[in-house]
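The residues making up each chain are set out below.
There are 2 protein chains.
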Amino acid sequence: MHEPCDPQRLAETLSQIKKKYVILSGKGGVGKSTVSVNLAAALALSGKKTGLLDSDLHGPSVPKMLGIENEQLGGDDTHMIPVECYNGMLKVMSIQFLLRNLNDSVIWRGPLKHSVISQFIGYTLWGDIDYLIIDSPPGTGDEPLSVIQTAKPDGAIIVTTPQDIATFDVKKSIDFCDKLGLKITGIIENMSGFVCPHCHTETAIFGKGGGESMAEEVGAVFLGRIPIDPSFVSLSDKGHAFVDKGEKNATLQAMNAIISKITV
Amino acid sequence: MHEPCDPQRLAETLSQIKKKYVILSGKGGVGKSTVSVNLAAALALSGKKTGLLDSDLHGPSVPKMLGIENEQLGGDDTHMIPVECYNGMLKVMSIQFLLRNLNDSVIWRGPLKHSVISQFIGYTLWGDIDYLIIDSPPGTGDEPLSVIQTAKPDGAIIVTTPQDIATFDVKKSIDFCDKLGLKITGIIENMSGFVCPHCHTETAIFGKGGGESMAEEVGAVFLGRIPIDPSFVSLSDKGHAFVDKGEKNATLQAMNAIISKITV
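If you read the protein sequences in the order shown, they are chains A and B. Going by my numbering, the first sequence wraps up at 264, each residue one higher than the last. Going by my numbering, the second sequence wraps up at 264, each residue one higher than the last.
Please keep in mind that the hints were generated in silico from the structure rather than gathered at the bench. One or more hints might be untrue.
[Said to hold, decoys possible] So the derived label-pair ranges between C-beta atoms look like this:
| id | chain 1 | residue 1 | chain 2 | residue 2 | range |
| --- | --- | --- | --- | --- | --- |
| 1 | B | 248 | A | 84 | 46 to 56 Å |
| 2 | B | 8 | A | 84 | 34 to 44 Å |
| 3 | B | 7 | A | 111 | 18 to 28 Å |
| 4 | A | 73 | B | 128 | 32 to 42 Å |
| 5 | B | 6 | A | 216 | 45 to 55 Å |
| 6 | B | 209 | A | 248 | 21 to 31 Å |
| 7 | B | 8 | A | 12 | 35 to 45 Å |
| 8 | B | 247 | A | 200 | 49 to 59 Å |
| 9 | B | 213 | A | 197 | 17 to 27 Å |
| 10 | B | 245 | A | 216 | 23 to 33 Å |
| 11 | B | 213 | A | 199 | 47 to 57 Å |
| 12 | A | 12 | B | 238 | 48 to 58 Å |
| 13 | A | 244 | B | 8 | 57 to 67 Å |
| 14 | A | 46 | B | 249 | 38 to 48 Å |
[Claimed, not checked] Computed cross-link-like contacts, SDA-like style, restricted to lysine to any residue with a CA-CA straight-line distance of at most 25 Å:
| id | chain 1 | residue 1 | chain 2 | residue 2 |
| --- | --- | --- | --- | --- |
| 15 | A | 208 | B | 201 |
| 16 | A | 179 | B | 112 |
| 17 | A | 179 | B | 104 |
| 18 | B | 20 | B | 221 |
| 19 | B | 179 | A | 197 |
| 20 | A | 179 | B | 101 |
| 21 | B | 20 | B | 73 |
| 22 | B | 183 | A | 129 |
| 23 | A | 183 | A | 261 |
| 24 | A | 183 | A | 129 |
| 25 | A | 248 | A | 217 |
| 26 | A | 208 | B | 179 |
| 27 | B | 18 | B | 103 |
| 28 | A | 208 | B | 73 |
| 29 | A | 183 | A | 199 |
| 30 | B | 20 | B | 127 |
| 31 | B | 183 | A | 99 |
| 32 | A | 248 | B | 164 |
| 33 | A | 179 | B | 102 |
| 34 | B | 208 | A | 197 |
Predicted, not measured: the structure shown is a model, and the values here were computed from it. For each residue, glycine too, the CB sits at the ideal point set by N, CA and C.
Model the full assembly from the supplied sequences, consistent with the hints where possible.
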């Protein structure tokens, strides 16, 4: 576990992946994993061979959101076999598949985390795939740094919620991308307004428009707004992607419009 | 910046602090900083000499939530002078006070982060204080580990939101505390239900009761529920603590009831 992936092996693995995107945010709980899972599931459902790497080692949410948190990893000393779903079109890798108990915590410091992320990227049998989507924990520290330096993504998709206290942290992610020379594919404003299911009046619980005005301010593409939707949360808790099982409503439309902008 | 605080100096600093609490969560965006800021502000307003350490180096939210994000740190080679508010009753320390530009990102790996957190704890002139509240970034990695090993808190206050995908990650924080021998003071369920301001009907956007049932499951004290309140968000964006400037409503009552349980 203590050595990063061999550079030649890493280069071979990466050469088989057509497009790589990392999902970033300076702020936690804004919906990075939700965006990652739904983007990857939508790609798989549309016939694209897709990999999904959960680089959050302390709070891996991706497996539970896809209902595969009890799966175990296959492989041997030389490679890891990712967990498959959507008829093998989606291959998922997460630290969760290596934990003995569901609730075990991973109490690791940075250097070990770098090695593990590098191994997850390079030693996983992704095969020839069209897309690799990489979900990242919040912040600008070890995990996103290791992902960017190791996987060399084509772009970063930045997720924020509308309130100032979120965009304040998320601007640090934009500075982070600039300093590392990573292109920003676009910015998504999640949890943008809530329409009461009883009276149909909208309340801007976390504000509204903060992500869009931040995108303008930093000169980045604004990919769109996703409203707050309780069915999104309950489907996620049941292990279903919204793009797969969600009802055909404004949230699904918003999500699909954003995905089509990313995958043009 | 590269060496942790001298152990003797650290011991002297810690000996002047009566009670220390760390605010933890395996999940981001659940309200750790909100709880930290409001708990610290409530203590200061009630006449307790309080310190508030923001140990989130990549997404420091505490200064902005108190409207002091443009302050700069005083001190010299041997000590740091924290930023004061509430008539000097609250002393705040955050990496934000060391950044040249508001939006600068801190792209540091684990070992440097450990040294900086250790220095923030040991070299800050907290003085004789009644409480030190330590806000932590999400997860079970370098920052919370450094905080716990360096400050040796009296207890952890764990914040979650109600949905399974949150409690799933937060259970890892409980495992983390158990493994490190840190007492859990209690669990707070934040963003617990939203009452529409137009029709007054409640919607459980992120579910409801998940924090309480998790507390029962792990045998921890349940400190209470805080509902979703848009005025909480907008006050935070303006740099005001809710316990200071919030209207006297159910959210304020819930927050104050939780604080009184922590500070008995």
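Structure versus earlier hints - violations, ascending order: Structure breaks hints 2, 4, 7, 8, 11, 19, 22, 25, 26, 27, 28, 29.
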